[in-house]
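Required output: the full structure, derived from the provided sequences and hints.
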Amino acid sequence: MATRLKDTDVVIIGLGAAGGVAALPLAQAGLEVIGLEAGGWLTRRDFAPDELRNNYRGWPQAVQKANQEIPTSRPNASSPTTARGALHPMQNAVGGTTLHYWAQSWRLNPWDFKVVSETKRRYGASRIPAGSTVEDWPFGLDELEPYYDKVEYEVGVSGQAGNINGKIDPRGNPFEGQRKRAYPMPPLRGNEFLDKMASVARTIGWAPFPGPAAINSRSYQNRSACMYHGFCNRGGCHVDAKNSTAVTTIPRAQATGHLKVATRAHVTTIEVDGSGRMTGVNYVTDGVEYFQPAKVVLLASYTYENSRLLLLSKSKAFPNGLSNNHKQVGRHYFSHHQGAGVTALFPFDLNSWYGLPAQGVAVDNWADDNFDHSGLDFIGGGNLWVYADRRPIAAAAMSTFGRAPGWGSAWKAFIKENADRSNSAYLQKTTLPYEDNFLDLDPEVKDPLGYPVCRITAEYKENERRIGAFIQDKMERWYREAGAIAVQRGPVGGPMGVSTHAYGGTRMGDNAETNVVNRFGFSHEVPNLGVLGASVMGTSGARNPTLTSQALAWRTAEHLVKNWNKIRQT
Amino acid sequence: MAAAREPLEQLTAAEADLLDAIAARLIPTDATGPGATEARAVHYIDRALGGALASSRQAYTAGLAALDRYSRSSRGKPFTELSATDQDSVLIDVEAGTATGFTGSSAAFFALVLAHTQQGTFGDPYYGGNANFVGWDLIKYPGIRTMVSAAEQQQLEKHALKPNHKSAYDYEAFTKATARNAPGRSPRKEGV
Chain G
1 MATRLKDTDV VIIGLGAAGG VAALPLAQAG LEVIGLEAGG WLTRRDFAPD
51 ELRNNYRGWP QAVQKANQEI PTSRPNASSP TTARGALHPM QNAVGGTTLH
101 YWAQSWRLNP WDFKVVSETK RRYGASRIPA GSTVEDWPFG LDELEPYYDK
151 VEYEVGVSGQ AGNINGKIDP RGNPFEGQRK RAYPMPPLRG NEFLDKMASV
201 ARTIGWAPFP GPAAINSRSY QNRSACMYHG FCNRGGCHVD AKNSTAVTTI
251 PRAQATGHLK VATRAHVTTI EVDGSGRMTG VNYVTDGVEY FQPAKVVLLA
301 SYTYENSRLL LLSKSKAFPN GLSNNHKQVG RHYFSHHQGA GVTALFPFDL
351 NSWYGLPAQG VAVDNWADDN FDHSGLDFIG GGNLWVYADR RPIAAAAMST
401 FGRAPGWGSA WKAFIKENAD RSNSAYLQKT TLPYEDNFLD LDPEVKDPLG
451 YPVCRITAEY KENERRIGAF IQDKMERWYR EAGAIAVQRG PVGGPMGVST
501 HAYGGTRMGD NAETNVVNRF GFSHEVPNLG VLGASVMGTS GARNPTLTSQ
551 ALAWRTAEHL VKNWNKIRQT
Chain H
1 MAAAREPLEQ LTAAEADLLD AIAARLIPTD ATGPGATEAR AVHYIDRALG
51 GALASSRQAY TAGLAALDRY SRSSRGKPFT ELSATDQDSV LIDVEAGTAT
101 GFTGSSAAFF ALVLAHTQQG TFGDPYYGGN ANFVGWDLIK YPGIRTMVSA
151 AEQQQLEKHA LKPNHKSAYD YEAFTKATAR NAPGRSPRKE GV
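Just so you know, the sequences run in chain order G and H. The first sequence lines up with residues 1 to 570 when you count with the working numbering. The second sequence lines up with residues 1 to 192 when you count with the working numbering.
Treat each hint with caution, since some may be false.
To be verified - Using C-beta positions, here's what the derived DEER-type ranges look like: (1) H:Glu172 <-> G:Phe291: 42 to 48 Å; (2) G:Tyr123 <-> H:Ile92: 50 to 56 Å; (3) G:Ala397 <-> H:Ile92: 18 to 24 Å; (4) H:Thr100 <-> G:Glu462: 40 to 46 Å; (5) G:Gly287 <-> H:Asp86: 53 to 59 Å; (6) G:Arg84 <-> H:Thr100: 28 to 34 Å; (7) G:Lys167 <-> H:Ala173: 40 to 46 Å; (8) G:Gln488 <-> H:Thr100: 56 to 62 Å.
None of these hints come from the bench; they were simulated from the model. Think of the CB as a built atom: it goes at the ideal place given N, C-alpha and C, for glycine as much as any other residue.
Listed below in structure tokens is the structure:
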């Protein structure tokens with residue numbers, strides 16, 4: 001029998017990117033908040049610059065709750081599930097994956113909020129890909145702008161603004177939506193190779209700019225500037241210059257006295273009463289079961305676990321899972337098309353040993369609807385990102401571009417010359433939701449507590465594959481113009497698999513028939529249940545989701561504060 | 001062969017001799033400098049098989065035995081007694097998946113050994129390989145630093161940044177990792 005704990009105002013399930021942000025406005029408003037986090041605290045001492053441990057042994061994900069719940073996946077309902085990977089891409093800890101993520105902190109572009117209406121207006125309804133369930137967001141970028149701004153300043157984002165109140169700054173992204181003010185910090189520094197890539201982009205008429213990062217380019221809020229030591233990729237920061245929620249919003253929320261952090265709290269189900277109102281959360285810590293009553297719950301685990309936890313929380317009022325009487329939980333799932341890569345070999349050293357994935361040069365000319373699609377057979381596009389990131393084991397294991405065997409003396413001579421001469425672009429591309437891409441519970445695979453894990457059924461469709469090939473053409477051209485002597489391309493798309501950019505499953509929208517949460521992030525069916533994270537996003541844009549999910553989380557929390565008496569319904 | 005070997009933790013002496021011979025063909029000691037032998041890549045693998053790579057222990061036992069059997073049956077000698085050219089020809093078969101007598105494909109075993117030999121040659125010396133930083137020197141990696149100023153980056157770009165020959169754990173700032181477990185203290189307890 002679970003121990004019943006003292007009632008609280010708000011429980012946040014998961015103190016990662018989204019939950020860790022939402023805690024701050026709630027605690028500042030004086031609401032009593034308990035953050036249930038499956039992981040523990042990590043500090044700068046835990047973040048050694050150790051490639052083997054970070055990049056090959058998956059520390060610290062390997063020992064986590066999430067790692068016992070890796071989703072299964074299959075491309076479509078008629079295919080068998082494929083073998084699961086060894087590691088969950090996300091980690092449990094206070095701060096979650098923001099501890100070791102790349103920290104690219106983009107705002108979505110205006111088109112991303114209006115994919116359906118803008119496509120119809122410009123090209124006609126026939127251009128919405130068959131089978132896609134994409135909808136316009138219930139609001140536009142202008143609605144989210146104040147929350148982007150809030151998070152950029154509270155968390156700390158470095159970058160170069162491209163459009164302040166309609167005034168285009170050629171140093172930034174000319175396709176950016178309007179912002180009210182500049183980033184709180186200038187962009188991360190360049191280097192010789194990145195500067196060369198930017199210069200080449202300009203000569204072919206593109207608009208290169210440094211990307212935004214939740215990493216300090218100078219000291220900010222009494223934390224250090226970035227040290228560029230080269231172990232940021234899947235590594236935590238040894239000087240707290242990476243602005244995870246563990247060093248920003250969470251400690252600030254704790255300082256109010258209104259946020260309690262419960263670590264190693266493994267949430268199993270969300271409870272409702274006979275009328276279908278959410279009453280609290282069941283969790284397990286070190287084998288002991290607890291019931292934490294709460295007036296409001298904000299579900300802020302990762303996309304896979306958000307859908308899974310709702311589907312596992314069955315009751316008389318919700319026999320198909322919590323907030324799933326419209327059978328929308330798990331629908332409209334998609335993961336960012338990050339494949340279809342392009343890798344280049346240059347005849348000179350790139351000097352990339354001391355950099356980070358968020359230090360780079362972006363081109364947005366071929367993203368979203370920033371170019372005319374009239375004569376093309378797809379909608380959307382991709383953001384091109386060239387960055388500085390290299391570590392020795394991966395450098396030695398580089399592609400030999402067909403110029404040497406994979407081992408032996410000839411290989412050794414090749415890597416001696418070329419280990420610092422290759423570059424792989426990061427190409428994020430529009431991905432749409434489709435009616436047959438979804439999440440549900442795996443019928444066979446269970447976690448150690450006996451609960452089914454999440455199952456992904458999803459594959460990239462024709463629209464995504466066409467974007468992939470189109471973007472590869474653009475990226476190859478950019479590399480060739482910069483002097484690349486060999487270019488390799490990855491496959492343009494197949495099964496989606498498990499992703500660090502997973503969207504949907506609890507989509508946000510006004511229509512309860514096709515969406516799980518309303519425009520403020522609260523369930524259409526359970527008014528005192530909110531959902532945070534990219535699982536509420538209905539489109540991907542061509543850029544990392546974290547800042548958008550954090551802006552949405554702040555907005556949901558602010559809505560809760562403003563409507564507390566109505567939503568808690570005591 | 002490398003200098004006197006420390007006591008083995010996981011591999012038998014015969015397994016270690018065979019693995020040494022394989023690693024020496026994968027990353028040879030040659031005109032471009034020291035290879036897996038000098039890096040002590042097998043020392044890295046031996047230690048890791050008792051910890052982070054424990055799940056591969058059985059694959060090594062079976063794979064090394066199969067490789068030696070294949071060498072005897074197809075080339076008439078144990079692998080360690082073949083010429084370098086013949087050793088390479090055996091490894092080419094193993095890599096291609098055409099070597100017989102393996103549980104599953106020999107290609108999977110080859111990929112495993114190659115990956116671990118690279119880790120043992122180019123990984124942080126803290127884990128027992130990359131001895132004397134020979135792997136990092138080969139690819140001109142200038143070493144672990146906890147800060148790199150803009151001026152140092154410019155030195156690197158002018159090929160003027162000298163290798164510092166430092167491991168991550170030469171810096172006092174970090175909790176030491178272990179081969180078996182994740183480092184760091186246990187998660188802080190906080191009541192609700």
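Status of the hints after comparison with the structure:
{"no.": "1", "hint": "H:Glu172 <-> G:Phe291: 42 to 48 Å", "in the structure": "holds (45 Å)"}
{"no.": "2", "hint": "G:Tyr123 <-> H:Ile92: 50 to 56 Å", "in the structure": "holds (54 Å)"}
{"no.": "3", "hint": "G:Ala397 <-> H:Ile92: 18 to 24 Å", "in the structure": "holds (19 Å)"}
{"no.": "4", "hint": "H:Thr100 <-> G:Glu462: 40 to 46 Å", "in the structure": "holds (43 Å)"}
{"no.": "5", "hint": "G:Gly287 <-> H:Asp86: 53 to 59 Å", "in the structure": "holds (57 Å)"}
{"no.": "6", "hint": "G:Arg84 <-> H:Thr100: 28 to 34 Å", "in the structure": "holds (30 Å)"}
{"no.": "7", "hint": "G:Lys167 <-> H:Ala173: 40 to 46 Å", "in the structure": "holds (44 Å)"}
{"no.": "8", "hint": "G:Gln488 <-> H:Thr100: 56 to 62 Å", "in the structure": "violated (33 Å)"}
In terms of the numbered hints stated before, the structure departs from hint 8 and from no other.
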